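Colleague: From just these sequences and the hints, can you work out the full model?
This is what each chain is made of:
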Amino acid sequence: MTRSGILSRLLSVYGLLFFAFIYAPILLIVVFSFNANPVNMMIWDGFTLDWYRTIFGFPSRLTESTLYVESTRQLYAAVRNSLLVALVASSVSTIFGTAIALAVARYRFRLRSFYRAFMFMPMIMPDIVLGIALLIFFVSLGAQLSIYTIMIGHCTFLISYVFIVVSARIADMDDKLEEASADLGANPWQTFRRVTLPLILPGVVGGGLLAFIISMDDLVITYFIAGVDSTTLPVFIYGMLRRGIKPEINAIATIMLVFSILVASAGLYLRARRK
Amino acid sequence: MEATSAMVASRKTQETEADPDHPVLEIRHAKKRFATPEGQEVVALDDVSITVARNEFLTLLGPSGCGKTTLLRVVSGFEDLDGGEILIDRQDIARQPAYRRPVNTVFQTYALFPHLSVARNVAYSLEVARVDPAEIRRRVGEMLELVGLAGFGDRRINQLSGGQQQRVALARALVARPKILLLDEPLSALDKGLRDKMQQELKALQHELGISFVFVTHDQEEALTMSDRVAVLGHGKLQQIGRPQELYRAPRNVFVARFVGESNLFPATVTQSDPAGIALRLSDGQEVRLPASTGNVLMVGAKVRLMARPEDARPATGKNNAGGLRFQGRIKQVFFVGAHYKILVHTQAHGTLKASLPAGEDLGSTPAPGQAVELHFPPATLHVLLDEEAGR
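Residue numbers (my numbering), protein chains in the order written: chain V, 4 to 278; chain W, 633 to 1024.
It is worth saying that the hints were derived from the structure and are not from the lab.
If you're wondering where the values come from, they're calculated on a predicted model, not measured in any experiment.
Each residue gets a CB set at the ideal place from its N, CA and C atoms; glycine is no exception.
Warning: the hint list may mix true and false statements.
Claimed, not checked - Derived lysine-lysine pairs resembling DSS-like cross-links, with alpha carbons at most 25 Å apart:
1) W:K869 <-> W:K663
2) V:K179 <-> W:K663
3) W:K824 <-> W:K835
4) V:K179 <-> W:K811
As the list claims (entries may be wrong) - Restraint-style ranges between C-beta atoms, simulated for each label pair:
5) V:I98 <-> W:N790: 42 to 50 Å
6) W:P669 <-> V:T5: 48 to 56 Å
7) W:E774 <-> V:L200: 25 to 33 Å
8) V:L200 <-> W:A782: 27 to 35 Å
9) V:I9 <-> W:L826: 50 to 58 Å
10) V:G145 <-> W:P669: 43 to 51 Å
11) W:Q728 <-> V:G230: 49 to 57 Å
12) W:A766 <-> V:P201: 46 to 54 Å
Modeller: If you want it as structure tokens, here you go:
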């Protein structure tokens, strides 16, 4: 075998190892979520859907021995909170993030580049710092920690993600198109509705979906600013974990994984169709 | 088509009733400055005044950075004036936003809406003005037919060739029947054959529709071919405005002479000036007498430039000795361009001269590099230039 043949063989092996390193743990969780062994999840003991039945509150053969998800109702509440927070926070962030991206791209104003740089700040700020800062902020305002403080907290950094995604899309757009629209008699609102928005929509939708997934997934910041009755899914799972890793968590994780993949695929599909 | 389209006047043509003899567009003392990022100030328009007659094809010609595109953008409303007025049918529109002005633009890059079909692109101005849908369909159909794209309405923009996109841009800008159509170097992206074809079509279209066209280009040949009048801009100033023949035959200054067509320019001094004519002496000592030209009275001793077009050069013979200029030199390069030869002649006193000789003209033989040659420019072909350029 030639030298370059060996090298390219090695490169393929490296590639395989790389993907195994990233995806093997995730794959394991999915496999474990179907493992019927209630004692040791590392040892395969046959296929079962019982963990999924358990988390949805159906009676199952294995629940008696584990009796782990103490309240399916609590889990449902956490999921509902997470969805609600993600929906509100990502919608608000999408509107503001898009507006800021358009303003920074289209208008010249004082401190414009300063403003742009500032929009990146929440992304590089450590989550724990942001969490503590938000907690102190809300407490000093005398605000009761609740699902609303989570929504507001999430907006503070989700706007940045939307801003970046939408800005990239605007940068791709020919700015002569808006001039052409005005030239043809469209007032600024008509131009936005008929030209700007349709052309940046893939970016807006993509940014919104990204914000939704990030919000659904956030633990650190939410942990600081969640009220007593406003536990989100990641915070709930974290609470479960503190009492030991149990197989039901694998099932919940697998469902979350499938959900995220679905949302991301929807985003990619919309983008591809628009182009 | 004329009558029916005029009946349903769009938003853009409803304004003041037009007086056919009054210029449709008047630009008065337009001034515009830009600040460069380095903090310097660039004067893009320096007191430019131009009028455009109804149904006129006017070209703004000049090198890049001369202010021609700025002038167009000021008329369309994408740039504000620092001073001056813009009147369309006697109405000052300088403070109106772009979308209220009765002008439409064909952009250099076409700027077609990629998310809309060909028909929706053309329909855009009518949709925005809330014209009745049946009426829109009819006018879009007419317009597509006019530009030779009937049946292309459902295509997407990225399915069209450059030339087809050009036609869509034209149809889109014309469908609302603007008072003035502005064209910003629309042909520069096309290859030569297509460009020549579009030049003829544009001219024909303008004639048929009776809309004034203001066309921006840096291509002097294009300007001369298509225009009723050409305005030459340089360094933010209007250098000269006139019919193509005037610009070519009687450029007002050196800038115009250099930019419009090819020319040989000789520094000369006025040695005699009387009502009958003037006498000039070139740096190599030869004198030439010219009949009195219109306008300027030249003082003895004034420094001027004498312009001679390459195609006016003739091989010197005994017969054409009387008057004019003669230059002896050696041929440096020869280009055969079909109907004539373009030759570069090196002379001792004046450097390289350009001459264009009809193919088949007797030069003794076919011109070849290294050959000695004597060129003659008859007095009637010479033109006196006073200034370098306007305002300098």
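Colleague: Does 27 to 35 Å hold as the CB distance between L200 (chain V) and A782 (chain W), or does it fail?
Modeller: 31 Å, holds
Colleague: Confirm or reject the claim that Q728 (chain W) and G230 (chain V) have a C-beta distance inside 49 to 57 Å.
Modeller: Hint holds: Cβ distance 55 Å, inside 49 to 57 Å.
Colleague: Tell me if the beta carbons of A766 (chain W) and P201 (chain V) are separated by a distance inside 46 to 54 Å.
Modeller: 25 Å, violated
Colleague: Range first: 42 to 50 Å. Now tell me if the beta carbons of I98 (chain V) and N790 (chain W) are that far apart.
Modeller: Violated: the Cβ-Cβ distance is about 30 Å, outside 42 to 50 Å.
Colleague: Within 25 Å, alpha carbon to alpha carbon, are K179 (chain V) and K663 (chain W)?
Modeller: 24 Å, holds
Colleague: At the C-beta level, are I9 (chain V) and L826 (chain W) separated by a distance inside 50 to 58 Å?
Modeller: 54 Å, holds
Colleague: Range first: 48 to 56 Å. Now tell me if the beta carbons of P669 (chain W) and T5 (chain V) are that far apart.
Modeller: 54 Å, holds
Colleague: Are K869 (chain W) and K663 (chain W) close enough, with their CA atoms no more than 25 Å apart?
Modeller: Holds, at about 10 Å.
Colleague: Taking the beta carbons of G145 (chain V) and P669 (chain W), is their distance inside 43 to 51 Å?
Modeller: For P669 (chain W) against G145 (chain V), whose Cβ atoms are near 48 Å apart, the range 43 to 51 Å holds.
Colleague: Taking 25 to 33 Å as the stated bounds, is the beta-carbon spacing between E774 (chain W) and L200 (chain V) within them?
Modeller: 30 Å, holds
Colleague: Just to be careful, I want the Cα atoms of K824 (chain W) and K835 (chain W) compared with a cutoff of 25 Å; is the pair within it?
Modeller: The hint holds at about 17 Å.
Colleague: Between K179 (chain V) and K811 (chain W), does the CA-CA distance stay at or below 25 Å?
Modeller: 22 Å, holds
When held up to the earlier numbered hints, the structure conflicts with 5 and 12 and fits the remainder.
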